[in-house]
Amino acid sequence: MAVLPCGVHSINYSQDKAFIRTPAQWICFIAFLLIVFAGPFFLPPRMLGIIIITGITTVAVVGLQITVGLTGQINLGQSAFMGMGAFTTATLAANFNLPFWLSIPAGGIGGALLGAIFGIPALRVKGFYLALTTIAAQILFPLLITRMPSKWFGGANGLGLAPAKIGSFNLQSDQSLYYLIMGVTVIMLSFAFNLTRSRVGRALMAVRDNDIVAEIMGINLFTYKTLAFGIGSLYAGIAGGLWAYYIRYVMVDQFSLWFSVWYLGMIIVGGVGSILGAILGTAFLRALQELITIAGPWFGQIFPQAGGGALWFSGMNIILGGVIILFLIFEPKGLAHRWNVLKHSFRIWPYPYL
Amino acid sequence: MWELRKKMGCLLVVLVSFVTFSALHASAATEYKITFSADYSGPYTYLMKSADPAQKIFVTWWNETVGQKAGIKIAIKAYDTRYNPAVVASLWPGILSGDKPILHLGLGGPDVASLMKRLPQDKVPMFMSTGTYGYCWLPDQWMFQPRPTYAHEFRGFLSWVQKNWKEASPIRIGALSTQGIPAYEDQIKGIQSFCAEEPKSFEFTDVEWIKLVPVSITSEVSRLAKKKPDYIYMGTNSHQVVALIRAQKELGINIPAVMATHTDIIITAAASSMNDLEGHYDVGACNSPLDKTIEAYQIFEKYRPRLDPNAPWDLNAVQFAGQIVLALRAVERAAKKIGAANITGEAIYNAMFEGPFTEKELLGLWPTLQYTKEAPFSTLNMKVKSSTVKNGKHMLTTPEWIPIPAIKKW
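Residue numbers (numbering that gives the first Met the number 0), protein chains in the order written: chain W, 0 to 353; chain E, 0 to 409.
None of these hints come from the bench; they were simulated from the model. The beta carbon of each residue, even a glycine, is placed where N, CA and C say it ideally should be. Please note that a few of the clues may not be correct.
Unchecked claim - Interface residues of chain E toward chain W, partial, derived using beta-carbon atoms under 7 Å: (1) Ala85; (2) Ala88; (3) Pro92; (4) Ala112; (5) Ser113; (6) Met115; (7) Tyr134; (8) Gly179; (9) Pro181; (10) Glu196.
One chain only, chain E, in its complex shape (with noise of 0.2 Å):
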């Protein structure tokens, strides 16, 4: 009896021992908040849903694997800013003093209009996950975007056009898009950029401006049609998109469109229908939720079974795992330059011009991204991904990365 008591004793010491050991190990690490402006009550409330589960699937992952060597702990909090400038500038005094984050994650507009202008001052590095428009391409800013802008993207998929093209006239654009909409002319105004800049290789034939949330658009497309575009660019929503593929139909024409991330196919054929996509493509600088090889997918189909078991693999999982990835990798960077315990915004924003973040430690969401105080976004190896629709099933057009050629500022 003395024994068994003697032995359950020194099994007791143990487990204490090894609990309280567990418990100040994990209080060693030094827990820092990332703070993410959410959309739950505004206008893009359905990208919640694939946001939500990427950004604590990654952040789970990176705590207990990297995190935990490191001595780090990260906790993301977010925030409904209804996609609302005034909400967001209402928000941030509390978030910057309440959680004193060392980076934010931006979702859109309003995170850069209401930050942009504070973020040096409150020294706290933004990243963002879209991609960037042609009045956010500046120097020396605490905003990071890990893809160029939307003419960039565009024209890196005409790289691709290129390189099949066998007819000795440039390649002629047409563009749908709405007025009054800085983001979305701004998309025109880089497009005509890069065509002016190149009349032997692309002709921008027109733009037809349309309503945001049209009902039927054929006579305006029926007009674009005659002036014999080969491809039609169209970075701005779903109702357009669909508008298009209608319009084109009632006129017995297939001019292929070319959609961004936010409108891509995935989105596009929920809206109406694979079948009616044949032929039309997608295009953003980001990994393709087709991909299915890479690291990222890999971590995303480990953790999901334990974390959230409905969550999608789509294109805006990838872009916010990407944004929180990139976000992660920097925290890293300033951990090894000046100790865990050490970690503020500034020195975030220091380590991202420490050297370029590899495709590899990107876990293959993005390509190779080097920043520059030149541009909030990588200036240096730019590379998109594209994925079409080609008999009846949704494929990347390439596997490859296609790379983008610099463009001039406009």
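If we strip away everything but chain W, and leave its shape as in the complex, we get (with noise of 0.2 Å):
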């Protein structure tokens, strides 16, 4: 529950219910949404491309966090229904020459489709047989587009497209690029919001809590099951649309299961349930990727006595292991936990507690 300033009530539903209550809050919203917009005039094109991959992710961690945080079903095929997308987004540029507006939205619906059919055996599974099921996905996924007409989906050529276009114009800078990804984002978070306060979202919930009490309370399993996985993969297939859009050739081994276990780590490290902590999860890993990379040429440069540039960028790699593990123990309700406990004792401060 969030603590309001002093005198803000809410005289009727709309007002409970709105996520922006105060004059500050709005001020802080609009600015933050003009630093977004005005990011390609002052950010460095490195701080451009981070975040544009950031975003992307974010799309499908967040997705993830609605099938495993939300609806507590394990998923480990997260990258191969983000694949999904991106082959499917590909197909319809490269081959059918849909515009993106349309294309990336069919990825999504590519990627709920696969999401959805191993969703399925959810309703009979759970835990580690559903995480086995979910690896069956991301284990098929490449024999999938392999197998398929090369004309589909390139086969194991892969696919190359053109850039996005907005009439005449070519969304093919990073500038550009960073509009169309952040402003997907933008859309997929406020949805992924919205949906945790919808009637859905309850019963996904309840589905988490317990699958038994939901059921005997009128919720439908399979549907519901099935939704969810369907859902968190129509998000991933989103983020395949996206990445194809940015890199405009897809492949296979680009969606491997070392990408879905590092989304997985990332809700963990933001916050399972949350989808405040799938975003926080997602940046903080995302920097602390980037830094060890900043970090290890330099330590080399300083210390080249130490075994030269491979120790220190290896070393980097037990770093980020590392953190992650004292995360784990010293905050295992994630990032988002410790954001909220700290905007709680800002908002009651100089008391410690109410």
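Work from the hints to combine the two standalone chains into their complex.
Rendered as structure tokens:
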């Protein structure tokens, strides 16, 4: 329960359910949107590249949060669902000349369909068994793509696609792609935040908390578990579509099990069950990865006698793993919880508690 | 005393003038950056122990000889991409703006997948060191492969086999590979394609699909052996080659395996033993580290004590040295054409198509390479080198380069 400043109270339901309630919150929100919009004007290109990849990853990880965190259905195939979305988008754009505003949502549907199919066993199996089922998706995905007629998805050769276009303007530069990707990310995040407060979102959480009780309450487990996989994979598919337009060349080995594991790590670090957690977890781990990419060569140059670059680079990787482990030990509820504690303390300051 | 002071003064003036002149001369060199996709924390970390010293040695040699004369200094900067396309994609905009590289050295598939489409717009050419895959065999690329496809390389090896082939029947070829990995599947497709093109010379018996890191492949090898292949192609990884050797021992058979350069005899022998590799081969369109007569090896040996006494001279070192030497020769050519102070990525790209890079220019690391816009690799004058183990000794299959006949795109 969020603590609001003294005197802020709701007098109707729509006020009560609003995300933004005070003028200060509106100012902060608008300032945030302005900063996001103005990003390409003041951010260095390196930072722009990081934000673009983080944006795409965030969409996929938020989708995974819906399946795993909100509904409690373990999923280790998110990268495959993202790949399905990327290939669907790429084939529609390359072979049918569909514009990006149709091919990206179609990619989302492609991912959702594959996800929903692999979500069906969730009615019967749970936990490790479900994890294995979703790993099967990850293993079958490359075979599926490479075995299809090469005209469909390019087979083992992959598919290249032309840049996204608005009229005669090509979305080819990092700046223009930033707007496309951040725009889609903002839309997908607002859907996700609202999903948690909807009837469907509450049903998903009921399934997570106790699926037998949820069923007794009248929630159709088959529908909602499949829906959870479908929605989560829809997000992955959209992320795949964005990836396809960013890289403009998709191949099956860009969507490996390794990425699915990272996505799961991101929601654990961010906080399982929270959309904000998925965003924070993604940003945190991406930032950490970038940091070690920068720190490795830097240490290598300063201390060349200590094994040169190789030692520092690999040492950085150990640091990455170590930070995640420390995080899990000292803040198992994730970054979202830490953020809420911080926010709460700030609002009631100088009092320690209310 | 006064005389001594005068002498000392003169000496000081001479010294200061010399230092100032040297400094001015040094600062007159235009410095350019070449960036490199390294992998220090991903699946190909082991390559870096050969890549780092090879690049350092040949860049230093070039800067101190050719570069000094031309007024160019090359600095190389590595980025850890973890062999991950997402990392490559996120790093690239920063590399482009921060380092303004005149060219980029790629490591493998993730660089190709992430940068292939954007290099023409960024106007930065990328130089690779590995074999090409069929899906990269496209016209108008801004990446340059010194080696043709793996299928080309194997076809080159078969030319050598054909020379000594006395039977009337075609040479029977089997293969072991892994499904779902485009690069591996592409090698098989290429081989199947040229076998179908020349049915009188070659017969592709079958391919057995095995796990990426198998425990045992005895039943698969047994199935393949029943089809009586004369050679088995393996272009995947060392785990599979070691598994093949073990399976052949268990089955009591000895069908020669032909490996690609990334699983060459030295690498496989480290995981198995040289005796186990008796009669097996490796092949690649680059020189072998066994050929120590080449100029590149002399340079490597000259600079090794000063720069990295532990630097290995293996097949990976040969390839990374070849990659940087080709890139440096392209820089030289661009400088000659437009001047040392005006080198750009585009100038290097254009320089690549201005006639052949001879084997001598490439210090014997590659055969003569001649690029056209039809393919990212030199489609003219393609050649391979192969090595084998005979009587427990690792040696060149034949000391000469083996020509590769032209094969059709698949």
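Hint by hint, here is what the structure shows:
1. Ala85: Check passed: Cβ of Ala85/E comes within 6 Å of chain W, closer than 7 Å.
2. Ala88: holds, 6 Å
3. Pro92: Hint holds; Pro92/E Cβ to chain W Cβ min 4 Å, cut 7 Å.
4. Ala112: Check passed: Cβ of Ala112/E comes within 5 Å of chain W, closer than 7 Å.
5. Ser113: The hint holds - Ser113/E has a Cβ within 7 Å of chain W, the shortest such distance being about 6 Å.
6. Met115: Since the shortest Cβ distance to chain W is 5 Å, the answer is holds.
7. Tyr134: Given a least distance of 4 Å, the restraint on Tyr134/E holds.
8. Gly179: holds, 4 Å
9. Pro181: holds, 4 Å
10. Glu196: violated, 19 Å
Consistency note: the structure conflicts with earlier hint 10 alone.
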